[in-house]
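Engineer: Sequence:
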Amino acid sequence: MISWPITEPVLVDKALMLRPWHLDDVNSVYEICQDPAIQEFTTVPVPYTKEIADFWIRSSPQKYLEREKISLAGIRNGEIVLAVSIHGIHEFDHVGEIGYWVSPNARGEGLAALAVKMISDFGFAIGFRRLFAITLPDNLASQKSLINAGFELETVLRDRMTRRNGTQANAVVFAKFPDVKITD
-7 MISWPITEPV LVDKALMLRP WHLDDVNSVY EICQDPAIQE FTTVPVPYTK
43 EIADFWIRSS PQKYLEREKI SLAGIRNGEI VLAVSIHGIH EFDHVGEIGY
93 WVSPNARGEG LAALAVKMIS DFGFAIGFRR LFAITLPDNL ASQKSLINAG
143 FELETVLRDR MTRRNGTQAN AVVFAKFPDV KITD
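Quick note: the sequence shown uses my numbering, first residue -7, plus one each step.
Don't read these hints as lab results, they were simulated from the structure. From a predicted model like this one, the values you see are computed outputs, not experimental measurements. C-beta atoms are modelled at their ideal positions from N, C-alpha and C, and glycine is treated no differently. Don't take each hint at face value.
The list that follows gives simulated cross-link-like pairs (lysine-lysine, DSS-like), each with its CA atoms no further than 25 angstroms apart [stated by the list, open to error]:
id	residue 1	residue 2
1	Lys55	Lys42
2	Lys136	Lys61
3	Lys42	Lys6
4	Lys109	Lys136
5	Lys55	Lys109
6	Lys61	Lys42
7	Lys136	Lys42
DEER-style ranges, computed between Cβ atoms [claimed, not checked]:
id	residue 1	residue 2	range
8	Met153	Gln26	20 to 26 angstroms
9	Arg11	Phe47	30 to 36 angstroms
10	Asn97	Met(-7)	19 to 25 angstroms
11	Asp171	Ala7	33 to 39 angstroms
12	Glu0	Pro37	19 to 25 angstroms
13	Asn19	Pro53	28 to 34 angstroms
14	Pro(-3)	Thr159	23 to 29 angstroms
15	His14	Pro37	28 to 34 angstroms
16	Asn97	Arg121	32 to 38 angstroms
17	Leu3	Pro28	36 to 42 angstroms
18	Phe47	Met(-7)	28 to 34 angstroms
Throw the hints in and build the complete structure from the sequences for me.
Structural biologist: This is the structure:
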């Protein structure tokens, strides 16, 4: 059973804080999501408007309460540098999917790996038994972040994803399990 906390978590490390989204985050999210790499490698809508950012942030608390998603803002020095989530949650199976994006000005600093590790540790602490992430084959930076966060390459699913240009692409699947194994 997943022991879902009543309130959205705040997770703190010396280099990064993960906190729930605030309404005044809309402009930052809108600006960051204009980045071509975020639009290419994530599922954010294109074009990404302020209205979409506003809706996404406003819906986040309700999705948490409904146990659909844990979505947190990554804050460094008072600025949003990333988003990280556990979504696609299957409570009965204790499984969730990790997703994230990183602001262009914060890439290459290990923050994605740190955020993924922080939210994964939280997920395992509340009862998830398997967390996974899916990347496109050419998103090597994301794959490196997942490996650095303790995820392992699990499989490649052929032609599993459709790129924005309409072509099919393989899906590279990474997974992580809690340190304590649950036996059947």
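Engineer: Does each hint hold? Answer for all of them.
Structural biologist: Here is what the structure says about each hint:
Pair hint Lys55 plus Lys42 holds up; C-alpha atoms about 20 angstroms apart against a cutoff of 25 angstroms. For a cut-off of 25 angstroms, the pair hint linking Lys136 to Lys61 stands: about 24 angstroms separates their Cα positions. A threshold of 25 angstroms between alpha carbons decides the hint, and for Lys42 with Lys6 the separation of about 31 angstroms lies outside it, so the pair is violated. Of the supplied pair hints, the one linking Lys109 and Lys136 holds, its CA atoms being roughly 13 angstroms apart against a limit of 25 angstroms.
For the given pair, Lys55 sits about 22 angstroms from Lys109 by alpha-carbon distance, which is consistent with the 25 angstroms threshold. Restraint check for Lys61 and Lys42: the C-alpha separation of about 21 angstroms stays at or below 25 angstroms, so the hint holds. The hinted pair formed by Lys136 and Lys42 fails the criterion: a straight-line CA distance of about 31 angstroms is larger than 25 angstroms. Met153 and Gln26 have their C-beta atoms about 22 angstroms apart, which keeps the hinted 20 to 26 angstroms range intact.
For Arg11 and Phe47, the hinted distance range of 30 to 36 angstroms is not satisfied, since their beta carbons lie about 19 angstroms from each other. The hinted range of 19 to 25 angstroms is not satisfied by Asn97 and Met(-7), whose Cβ atoms lie roughly 40 angstroms apart. For the pair Asp171 and Ala7, the beta carbons lie near 22 angstroms from each other, so the given range of 33 to 39 angstroms is not met. Checking the proposed 19 to 25 angstroms range against Glu0 and Pro37 shows it holds: the Cβ atoms sit about 23 angstroms from each other.
A hinted range of 28 to 34 angstroms is violated for the C-beta pair Asn19 and Pro53, which are about 19 angstroms apart. Evaluation of the 23 to 29 angstroms hint for Pro(-3) and Thr159 yields a failure: the beta carbon distance comes to about 41 angstroms. Checked against the hint of 28 to 34 angstroms, the C-beta distance between His14 and Pro37 comes to roughly 21 angstroms, which is inconsistent with it. Distance hint check: the CB atoms of Asn97 and Arg121 are about 36 angstroms apart, consistent with the given range 32 to 38 angstroms.
Checked against the hint of 36 to 42 angstroms, the C-beta distance between Leu3 and Pro28 comes to roughly 29 angstroms, which is inconsistent with it. Evaluation of the 28 to 34 angstroms hint for Phe47 and Met(-7) yields a pass: the beta carbon distance comes to about 31 angstroms.
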